[in-house]
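K.L.:
Listed here are the chains, written in short residue letters.
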Amino acid sequence: MVRVVLALFKHSNLLLFPVDPISLPFDLSKATKLECAVFRPAGSLGVGWIAHALRVITSKHRDLRRISVDVDNFWASIGFSGDVRKDVGEKVFNQWLDLDRILVHLWESFSIPVNVRWEEEVQVGYVEALLPEMTRRGMVTADLVDRVPESQ
Amino acid sequence: MSVLPCELVDHIIDLLRDSQTTLSNCCLVSKSWVPRTRTHLFAGVKFRTPENLQSWKTTFPDPSTSPACYTKSLLIGCPEVVKITDVKASGWIGGFSQVVHLALGPDRFTYEWEIAFFLFRGFSPFLKSLLLDHIVSRPSKLFDFILSFPLLEDLSLVNCCCLPDNGGGHDELPTAIQPSSPPIFTGTLNLLLMKETEPIIQRLLSLPGGVHFRKLDLEWHYDNSTPLIMALVGKCFQSIESLVIACRGSCGTCII
Chain A
2 MVRVVLALFK HSNLLLFPVD PISLPFDLSK ATKLECAVFR PAGSLGVGWI AHALRVITSK
62 HRDLRRISVD VDNFWASIGF SGDVRKDVGE KVFNQWLDLD RILVHLWESF SIPVNVRWEE
122 EVQVGYVEAL LPEMTRRGMV TADLVDRVPE SQ
Chain B
320 MSVLPCELVD HIIDLLRDSQ TTLSNCCLVS KSWVPRTRTH LFAGVKFRTP ENLQSWKTTF
380 PDPSTSPACY TKSLLIGCPE VVKITDVKAS GWIGGFSQVV HLALGPDRFT YEWEIAFFLF
440 RGFSPFLKSL LLDHIVSRPS KLFDFILSFP LLEDLSLVNC CCLPDNGGGH DELPTAIQPS
500 SPPIFTGTLN LLLMKETEPI IQRLLSLPGG VHFRKLDLEW HYDNSTPLIM ALVGKCFQSI
560 ESLVIACRGS CGTCII
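Respectively, the protein sequence lines represent chains A and B.
Heads up: the first sequence begins at 2 in the working numbering, then just goes up one per residue.
Heads up: the second sequence begins at 320 in the working numbering, then just goes up one per residue.
Bound conformation, chain A alone:
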């Protein structure tokens, strides 16, 4: 049913983004052997859980060589009004900005390569508004997200 409704509103800005249902953080503070972390958030949900998970990354994670956030094509399916804050809602918008800051911090403070990958079809305006610092530094790539499991 929801899918049908979503299709009806595909090109409208009436979507209200829900509160991030994942309120509990993933604790990566002790995962100091971590070498690679890839997050794939659901398009309609917030990214607060990713920010929570990355906030505890410190210099102790000295093996960490890659952090990547892969964003699916949900963002390509919603209309872009020009006011991203309004489109996605205040809470989700702030979560993205928070994530943007954390990713930049990880790159600058610990030299951990970070990258955000979007589907090509997503409006550039969304990317620039949600990840301003990452975009400015050229750390956002618009390519089709590779769905092959990273573990292979």
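Since the hints were made in silico from the structure, they are not lab data.
Note that beta-carbon positions come from the ideal geometry of N, C-alpha and C, so glycine has one too.
Check each hint, because a few of them may be wrong.
Partial selection, computed: residues in chain B whose CB lies under 10 Å from chain A [said to hold, decoys possible]:
| hint | residue |
| --- | --- |
| 1 | E538 |
| 2 | V563 |
| 3 | C566 |
Mimicking BS3-like on lysine-lysine, the simulated pairs with C-alpha atoms at most 30 Å apart in a straight line are [to be verified]:
| hint | chain 1 | residue 1 | chain 2 | residue 2 |
| --- | --- | --- | --- | --- |
| 4 | B | K447 | B | K407 |
| 5 | A | K31 | B | K447 |
| 6 | A | K61 | B | K554 |
| 7 | A | K34 | B | K447 |
| 8 | B | K514 | A | K31 |
| 9 | A | K31 | B | K554 |
| 10 | A | K34 | B | K554 |
Given chain A, put chain B in place with the hints provided.
P.N.:
Quick look at chain B alone, frame taken from chain A:
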């Protein structure tokens, strides 16, 4: 042929491992070449359909002389057709006792039958990697099957669906005897977590020796599974080297 040291012959055959036709021809050259060529020819066996399986049984009716012992990677896409007679002394399953990688699962879901996991239980003591796809089973039976491979390192559970265990609401316990040393799971966990898969993961988390996966590739669709996913990550914090985590949310998370 005998003037060549057997190590050299083996090396030459190894270099031909990607050419099935050449290997097949090599098999006909000399009896002494047969074992090495079979090592490559039958390294990976796939039974995608019941016809494939029947063809194998017809071609190699005697498991003791079949090339199954050379197989390292086995895919059974039609586990529903496996019968009790396939497990007995004259059955074909026992021949695959050297399998290291096993993929089990049909092409699609069907609730009409459950896989009789006990038929495959511990059939290869060397199994290190297990992929279960489109599996419908009772958690106790499925978990009992998983634990029957003491060297198991990698586990993939994709599109698996648990049926309620028998027992009238009691917590399900594995019915078969557990191996003395359950696998410690030090490889990769590839998991598509749905509500129906939760009982298996709960059992995995409750293993006395814990789990020590180095790679976690997790995807879940059900919001209430979040604590379970977090517990899984938390259990592996000392060993984890690679984490791929995808949240798909549930249908109800988009509100108009």
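K.L.:
None of the hints should be skipped; say for each whether it holds.
P.N.:
These are the hints, each one checked on the structure:
1. For E538 of chain B, the shortest C-beta to C-beta distance to chain A is roughly 8 Å, which falls under 10 Å, so the interface hint holds.
2. Nearest Cβ of chain A to the Cβ of V563 of chain B: about 4 Å, under the 10 Å cut. The hint holds.
3. Because the closest C-beta pair between C566 of chain B and chain A is about 5 Å apart, less than 10 Å, the hint holds.
4. Distance check on the hinted pair: K447 of chain B and K407 of chain B sit about 23 Å apart at the alpha-carbon level, within 30 Å; holds.
5. With a C-alpha separation of about 27 Å, the suggested pairing of K31 of chain A with K447 of chain B holds against the 30 Å cut-off.
6. Restraint check for K61 of chain A and K554 of chain B: satisfied, since their Cα atoms lie roughly 19 Å apart, inside the 30 Å limit.
7. With a CA separation close to 23 Å, the supplied pair K34 of chain A and K447 of chain B stays within the 30 Å bound.
8. For the hint linking K514 of chain B to K31 of chain A, the alpha-carbon distance of about 28 Å falls within 30 Å, and the restraint holds.
9. Distance check on the hinted pair: K31 of chain A and K554 of chain B sit about 11 Å apart at the alpha-carbon level, within 30 Å; holds.
10. This hinted pair checks out: K34 of chain A and K554 of chain B have alpha carbons roughly 14 Å apart, not beyond 30 Å.
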